[in-house]
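S.K.: Once you've looked at the hints, dock chain B against the given chain A.
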Amino acid sequence: MSSQPIPLHLPGEEPAEKIGVYVCHCGTNIAATVDVAEVRDWAGQRLEDSGVVVSRDYKFMCSSLGQELIEKDIKDLGLTRVVVAACSPHLHEGTFRGACKRAGLNPYLCELVSIREQVSWVHTDRHAATDKAKAVVSGGVERVVRNTPLEPLRVPIHPATLVVGGGIAGIQAALEIANAGFPVYLVEREPSIGGHMAQFDKTFPTLDCAACILTPRMVEAGGHPNITLLTWSEVVDVKGYVGNFVATIKKKARYVNTELCTGCGICQEKCPKKIVDEVYEAGLGYRKAVYTPFPQAVPKYPVIDVPNCTFFQKGTCRACEKLCPTNAIDFTQKDELLTVEVGNIILATGYDLFDARRIPQYGYGRLANVFTSLEFERLTNAAGPTNGDIVLRDGKTKPQSVAVIHCVGSRDRNYNNYCSAICCMQSVKFAHLVKERTGAQVYNFYIDMRTTAKAYDEFYQRVLEEGTLFVRGRVAEVTDAARLPGEAGKLIIQVEDTLAGKQRRIPVDMVILSAALEPRRDAKQTAHLFGLSCSADGWMIEKHVKLDPVATMTEGIFAAGCVTGPKDIPNTVAQGAAAAARVLGMIQRREIELEPIKASVNQEQCSGCRICNNLCPFNAILFHEDRMVSEINPALCQGCGTCVAACPAGAISGTGFSNEQILSQIDGLLMLNVARQSAAVAA
Amino acid sequence: MSGKPKFAMYWASSCGGCEIAVLNIGEKILDVDANFDVVFWPVAMDAKYKDVEALEDGAITLCLFNGGIRTAENEHLAHLLRRKSKILVSFGSCATEGCVPGLANLSRPQDVIDTAFSTISTDNPQGVRPAFEYAVPEGSIRIPVFQNVVRTLDQVVAVDYYMPGCPPESHQIAAVVELVIKALHGQAELPPKGATIGAGASTCCDECPRQRNVKTIKQFVRIQDVERIDPDLCLLEQGIPCNGPATRSGCGALCPKVSAQCIGCYGPAEGVVDYGARLITAFASVIDSKDPAEIERILDGIPDPAGQFYRFNLAKSLLRAGKPAWAA
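As they're listed, the protein sequences go chains A and B. First residue of the first sequence? That's 1 in the numbering used here, and the numbers climb one at a time after it. First residue of the second sequence? That's 1001 in the numbering used here, and the numbers climb one at a time after it.
Extracted from the complex, chain A is given alone in its bound form:
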């Protein structure tokens, strides 16, 4: 009840707990801005009445020696609570809790308060920063008194893994895990695995044929005894928690009996309906209503595209059914829901290409010979619509001059602030391919060249030497309005050449827009489905961008490849393998300890208003219609606190974050504890 005063130890009264306070210098990270010795002395003297019995400082509290200092005090002085004033709990909470545990103290009786991220790094005034550090320590002391010992939950880990997305990241991850001997469900929503990489012709900087290096992996994944390949399928529901997820997967009806189909391709050949292929051919080519996206598709079985199939729309045709030599066409198939149990999940759902129509001044969709990067990939691909001939939109004219525009939709405040990472190298590759196959003059328009990985800059130098002209400047406009002689019938690039310091108009035949990589259009729904968060840009957020780049904030769910941001193929493959290594590590542990920070509903106080029901990102809240109360499944709860904050009745509380703990910490921060004690002394 709010009106009850928060208990306070008055002078003369024996405090209930024995608290040790440890103030870290963090080298000079903290000590340069905060007078660490003063904080130590102050805590020892002024917080004595709150139970502080020892107060120390140390150069690096997180070092073995620093930890031993704490362990020794716990044993020698019988400390019952520990407050460490150092960095963010994100970094070293585990370290100091571990030290307490080794010394026989329940690890949850240790509080790590941040005087680095929240004090020394954000202030310059040493005096004020030292005062703030005292307040932060005081808050930690008041809070830790009210901490209770907690025990982690132990749960077994299911050995199977769900990999979502069958691009190169997902394939790599699936193969690593399958080769280690554990089962994998590889889910892909298109008819074939392969992802964007299957659309490319050459890969930078080695100019390897993409298909040649990708398809062996696809075939291996397709035939692997430990991999259950679920293409033309989507995950529709995920329940559970690390070690014990239950995923529901919708297997869309293929209308092809895969038991009978031999992949001979007669159905595709005979199907009378041609449709522009917006996915695999990027709108440049056609496919049939029954189709495999490309010849090397894995699996080899085609699917029938219902909205475009004459039989499904008009009830006649059945050409494929009549002509299939093995009677594999089955129009009666229905979508199936498959439920699988898995211990871990890897999300490798990739990216979408920036829609270049959003930058109208570049003319894509209006000026015929402006192409997107993906369209150009299809143009150069030997298996593509032009059999690899680089030609204009008319399908026959070879370009004499080509412009490649970098950073289209990237590094641009109007669209995406981030760098798409691959466009520089991709554009350099385009320049090389154009030069090699057509001999055309190529102009690349760039802001900065970013060629940071192995052999990248060498490739750039090579293309420079081949005679491609690089113009530094963001293109203002691509237009077909000729003003000068020689511009008629051309596309004119209007650009400020920032190195030469002048405006240029460069007429070309063909323009290639190196479009940004963007989060999948449905990334937010995917995030919600898996209980993850997206950044403001829409990319999934990794647990730590440097130190834990393939983990997410949800235990047991990992992310690999472009789902967390633009990446080139080597990085994507590395992440797929890294995520697999993390999963294998989890599987080998056989069981896992879950943080005991959980929310729970006081059933007496809950009146079933249902405000919390839809808020839980982990679907841990269930509502009992009969008793009209909500309840939280502790195995699903990740302790995020969303429902605790939202509950208007105050009926939900979070372990470790009770009102009493938080209000005491605030009292400590405001130094009300110290003020009360001073007042009591004065009285």
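Please keep in mind that the hints were generated in silico from the structure rather than gathered at the bench. You may find that some hints are simply not true.
Said to hold, decoys possible - Taking lysine-lysine pairs in the BS3-like style, the calculated list, with each CA pair at most 30 Å apart, reads: (1) A:543 - B:1218; (2) B:1290 - A:524; (3) A:250 - B:1290; (4) B:1193 - A:239; (5) A:239 - B:1004; (6) B:1182 - A:524.
These numbers come from a predicted model, not from an experiment.
M.R.: Just chain B now, kept in the frame of chain A:
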């Protein structure tokens, strides 16, 4: 005077509704008279402050104190009655959480007085303003000083029990009176000190018969602008900003039952520290939009957030710890 236990009831800054609610307990009032010796109750009988001052400390067994602490006189009586009473009950919303008078904490005291003495309905052609001290030939006359803010009773003196409601429901008062009488005869035990009595432990929703679903709010509407209120569906789900989910149970959901939104007169539910903040996070959590502009538009449906979320609770809210808004 008889040897019966002594009873007192006082009104500080309040409207008098609490006294009416007490009288409204019907024939139970006779039990009060049979069991208690009423020594001080300004609205019902004549008594002087000096009579109370003359009592021994702790002589009053039960004192129901209603009204907030706005004037120096209120504060004096709070201290006096605390000293004289064994059981001091913070009675009703004003004493417990400041109630509507507490909303004046958003304005300077001078502005409050100016408003009170110059509204369109006030006949005050000379623009007279009260003076806390006034010299007359016989000496100087003082009226109680109007303090800077309204405080709750427990912000001034220690309180034994809280009884919420604006006013507390008569049946709840009757039950509390009965309990105290039983306790005096050793037939019942009083709840622990600091407890809320005469109310439930959950929220208004618990007593509301309306159908509740998973909540999503697409708009807030003022109740007078709703053409037809669904008689069976949760008001909040109809966009009517009903405070029921954060409000303590005890009234029997009187307002929602007749299609009026709960305005929160029974105060925060058990476990709620800051009533307004709770409601704000709760409402914000179920707004069905991710678009900042649309969220703004939805929130515009609550034109008076202070009145909506803190109508009864401002003086008691965590915010009271800060500077009064007018002192910025």
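S.K.: Take the hints in turn and mark each one as holding or not.
M.R.: Verification of the hints:
1. A:543 - B:1218: violated, 33 Å
2. B:1290 - A:524: Given pair residue 1290 of chain B, residue 524 of chain A holds - Cα atoms ~11 Å apart, limit 30 Å.
3. A:250 - B:1290: holds, 27 Å
4. B:1193 - A:239: Answer violated: residue 1193 of chain B to residue 239 of chain A is near 45 Å, above 30 Å.
5. A:239 - B:1004: violated, 65 Å
6. B:1182 - A:524: violated, 61 Å
Of the numbered hints listed earlier, those contradicted by the structure are 1, 4, 5, 6.
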